[in-house]
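Enquirer: Chain by chain, the residues:
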Amino acid sequence: MKAFINIIKEQISSFYMVQRLAKFQLKIDNQNNYLGFIWEVLNPAIQMAMYWVVFGVGLRGKSELDGVPYVYWMLAGISMWFFINKAILNGSKAIYQKYSMVAKMNFPLSVLPSYIITGKFYGHLALVGGIMVVFWIKGYAPSIYYIQLIYFLAMSYIFAFSITLLTSTLTVVVRDVQMLIQSVLQGMFFLSPILWDRSGNFPEWLQSLLALNPFYYLANGYRASLLYNNWYAIENWQLTLYNWGLILVILIIGSSAHYKFRNRFSDFI
Amino acid sequence: MAESVIIKNVSKKYRMYRSKKEQIGDLLFPGKMGSDFNAIDGISFAVEEGDVVGLVGINGSGKSTLSNMIGGIIPPSSGEIIAKGEVNVIAINAGLNNQLTGIENIEFKCLLMGYSKEKIDEVTPQIVEFSELGDFIYQPVKKYSSGMKSKLGFAISVTADPDIIVIDEALSVGDQTFADKSLAKMNEYKKRGKTIFFVSHNLRQVTSFCNKIAWIEGGQLREFGPTNVVMKNYNDFIKQYNKLSYEDQKAFQKKLADRRKYGSKKKK
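Chains as they are written, first to last, in the working numbering: chain A, 1 to 269; chain B, 1001 to 1268.
Hints listed in this document are in silico derivations from the structure and should not be mistaken for laboratory results.
Be careful, since some hints might not be right.
[Said to hold, decoys possible] No more than 30 Å apart at the CA atoms, straight line, and that leaves these computed lysine-lysine pairs for BS3-like: (1) B/Lys1143 to A/Lys93; (2) A/Lys260 to B/Lys1008; (3) A/Lys27 to B/Lys1119; (4) A/Lys27 to B/Lys1143; (5) B/Lys1013 to A/Lys93; (6) B/Lys1020 to A/Lys260.
None of the values given here were measured: they were computed from a predicted structure.
Work out the full structure: start from the sequences and follow the hints.
Expert: Written out as structure tokens, the structure reads:
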């Protein structure tokens, strides 16, 4: 518990550093491209267009989900997925890749994953902004429910941070964890209602089991805020409580693991 | 004077494995596989405030391991290092990014060193001035020569103002004029009564700069004392060592290495 509080304190006191380092990271990543930061948005946008063509036009035609055309439904959810997927994959590598850079300084090591995530978060914000514009054009006007979107954006960030705090530590100790994470994320992608949602046909118990997947809550939260205009987080308060509880547990495990190994990172790298 | 760094029976053990299999085995059943290597073996000494301590010894003797432990970069396996005050390692090449320009690197490395926004704004002009890079400061660091890169790194590192400073081969950067300038900066630290640990193979520099010497041999402290005494002995040793035949040198190295290795269960 003490480790948890320390991590939170460290994150808050390093807020400025995280923002600046994230900006530098984006610069470093995109230094050699003429379009620079635009690629951070363009890449997922192109991928979305692919999904749109394959699943929206090809396989599903003009079907709707609760009155919203499939393609909008998919766009809202998948934007969240692109962010968390990238944030977790890159964030997990953060400590073992960047450790040598900061080894000789008194650097708060839990900041390494968080600034990587923050860099990806900037791209995510731009992407969500772009999607919003598309939705406005298509007649989904801005609403009071955008307030809820801020809540879900923040929650995606915190969720990604809680996972990477744990995985970035484990990856240092056992490098294979990185491979495992990749596979698990791929599995989660198909278990979550991101590309499709057929759970309506599933038996009751399986439906409630699938709802325990945090991506389920987050994806539906984005959709509720951008398209369906309802207070998803309040209407499904049990899920809200459950997900925050889950994040808290992961954070506590992650921070105690991080502190347990922090002094010995140099032995493992 | 008050003691500023106390090193108490400090050891650093590394586990050595011959294969990945041994490494996993050791993770699952600690102590069953692999062997130990004592990089540092029971070193104790105390340093007073304002002391400039040179760490000398032949390659692989454990100087860098010891200086890294004093700097808090790696934890000792056993024993204790008590440092009274803030410790900082002058790491010239750490924390520079090749993709960024010189001026961006200044902010980048300062951020990594934990400076606040105000402090960064304050030190940036000083760094630009001290680094002598001129207009190159706006070029990406990947276009720098190694000397220019070191100059930049050094200029950033010395803006830190800790109580205890660890310098590992940092003063041999750049050309002679820059080396002199760096040494002058270090002397300024010395005058202000900072405790300095200085690792170098440049014996002339060590002799002129340090007032105490810790001579490390094969992971152990061979001698610790005032510069003139220890340096004389060390120089004698080096002369003698150089006179030895190649085989005798090898035998000497092996003797030291065997002393540091154990737990390999006669695997030869």
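Enquirer: The structure should be examined with respect to each hint, and the outcome stated for every one.
Expert: Tested hints:
1. B/Lys1143 to A/Lys93: 28 Å, holds
2. A/Lys260 to B/Lys1008: With Cα atoms ~24 Å apart, A/Lys260 and B/Lys1008 stay inside 30 Å; holds.
3. A/Lys27 to B/Lys1119: 23 Å, holds
4. A/Lys27 to B/Lys1143: With Cα atoms ~17 Å apart, A/Lys27 and B/Lys1143 stay inside 30 Å; holds.
5. B/Lys1013 to A/Lys93: 27 Å, holds
6. B/Lys1020 to A/Lys260: Since the Cα atoms of B/Lys1020 and A/Lys260 sit roughly 23 Å apart, the hinted pair holds (cutoff 30 Å).
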